[in-house]
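Add chain X to chain A, keeping to what the hints say.
2 protein chains.
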Amino acid sequence: MASPLRALMNTTVYDAVKHPYYPLDANIAGYVANESTVMSLLGSFVAGCAAIFGLTYLAVKKVNPRLPTTELMTVMWFVLCGCIHFFFEGYFAYNHTNMGGLQTFFGQLWKEYALSDSRYLTQNVFVFCVEAMTAVLWGPLSFLVAVLIATEHPLRHPMQAAVSLGQCYGDLLYYATSMADHFYLGIEYSRPEAYYFWGYYFSANFFWIVIPAMLLYNSIKASADAIRQVQELKGSKKAM
Amino acid sequence: MASPLRALMNTTVYDAVKHPYYPLDANIAGYVANESTVMSLLGSFVAGCAAIFGLTYLAVKKVNPRLPTTELMTVMWFVLCGCIHFFFEGYFAYNHTNMGGLQTFFGQLWKEYALSDSRYLTQNVFVFCVEAMTAVLWGPLSFLVAVLIATEHPLRHPMQAAVSLGQCYGDLLYYATSMADHFYLGIEYSRPEAYYFWGYYFSANFFWIVIPAMLLYNSIKASADAIRQVQELKGSKKAM
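Chains as they are written, first to last, in the numbering used here: chain A, -8 to 231; chain X, -8 to 231.
With the rest of the complex left out, here is chain A:
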């Protein structure tokens, strides 16, 4: 084989496997390995979440000190959701064409998470669309729901149901599309180590199935209970 051709082929093979993501031949534009350690990235993320919880707790205690504890916890959940959807997932949606080379904190966090789902680095169309819609729709609406809960507004339960359903549905589609790629096309987006698949891909997203499902159930029930009471009231007035 002529040596320039061999050199070209070697370059191509090298390009195809010079990243740790699966499938190993995934095309990750401009990939650069993270500068920060995993511990510092995850530690900073957890510290950020704790700060959001703490500030929200203090703000709610000031605005509405009589708010029951479960309601306060729900406000904290929605403020966390708002921050993650709007800033973190919004950052991904905005930069989705050049995620592989980013060395910012959010960029490196996404590259760490992508070890469990390389679609975040390969400009996958579904992941971009669902993340963009999550950022634009459920991000601001999560903040709105937090305010509606803290102020005990009548729109709280209808809007909480809407945001929670949106989160659940988007997350189910997120799971479903990668599972379908796995079962129909045999494509694995996660590295083979179990902690990436179960620790990142499964667990991190499972929160956004379980908690929204519970909140959706509570909100549907709260709305239906109120409607039932109004119906009974109207019925008893008619009977008088």
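Take the hints with a grain of salt, since some may be wrong.
Any copy will do: because identical chains look the same in the list, a pair fits if it lies in one copy or spans two.
Said to hold, decoys possible - DSS-like, lysine-lysine: derived pairs with alpha carbons at most 30 Å apart: (1) K225 x K212; (2) K53 x K9; (3) K212 x K52; (4) K9 x K52; (5) K228 x K212; (6) K225 x K52; (7) K225 x K53; (8) K228 x K52; (9) K225 x K9.
Calculated directly from the structure, the hints in this document are not laboratory data.
Treat the numbers as computed from the prediction; the structure is a model and nothing was measured.
Same frame as chain A, but now just chain X:
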């Protein structure tokens, strides 16, 4: 060029363009052209919808003759949705790996629609997942909402909001994914004739944005109104 190689290449080119779908090199497994005419397919579909409307109208008039006309029309909408989601879209989800060769009524209808979006014939993972979830979730729940409206059940508005939001969100993602493929990758899934893009792809799906958005708004408002009334009632009781 050696003739077996030329023959092989001709076969490949022929295979790649022997269907009318875009992009012309889309791989459509086992494609067979429709046996029925477009007029008979679309005519039968419209007749089917009319029959569903008619039967639902008669059933509701028997069960709850005092139901207001707008409510009756909403029941008809949800029964139509239930039929389309569960039977028509469910049929696609069940057969999505071999749609190209089907000569059943539903199979031919999907092949006609796919002229505006070839993803229905190419085993596109997102389209399969969103259609499967629409069939399994919003299909049965649409029938449930129809019953809840006809019986004036307190769960009607919370469930109507849930189904309508699910339809809207799925549809927005459906639009968004093909638009993203168009803008980022330059892929066109619709044939170039405007009536396929605007008549099938845009219009047929736009119903499932506009009508669910209106129903979602109404249901959020109805739930919030009831909650407000109950809050006021509790407030006035406390004040006594």
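Hints the structure violates: just list their numbers, smallest first.
Numbers 2, 4 and 9 - these are the hints that the structure violates, sorted from lowest upward.
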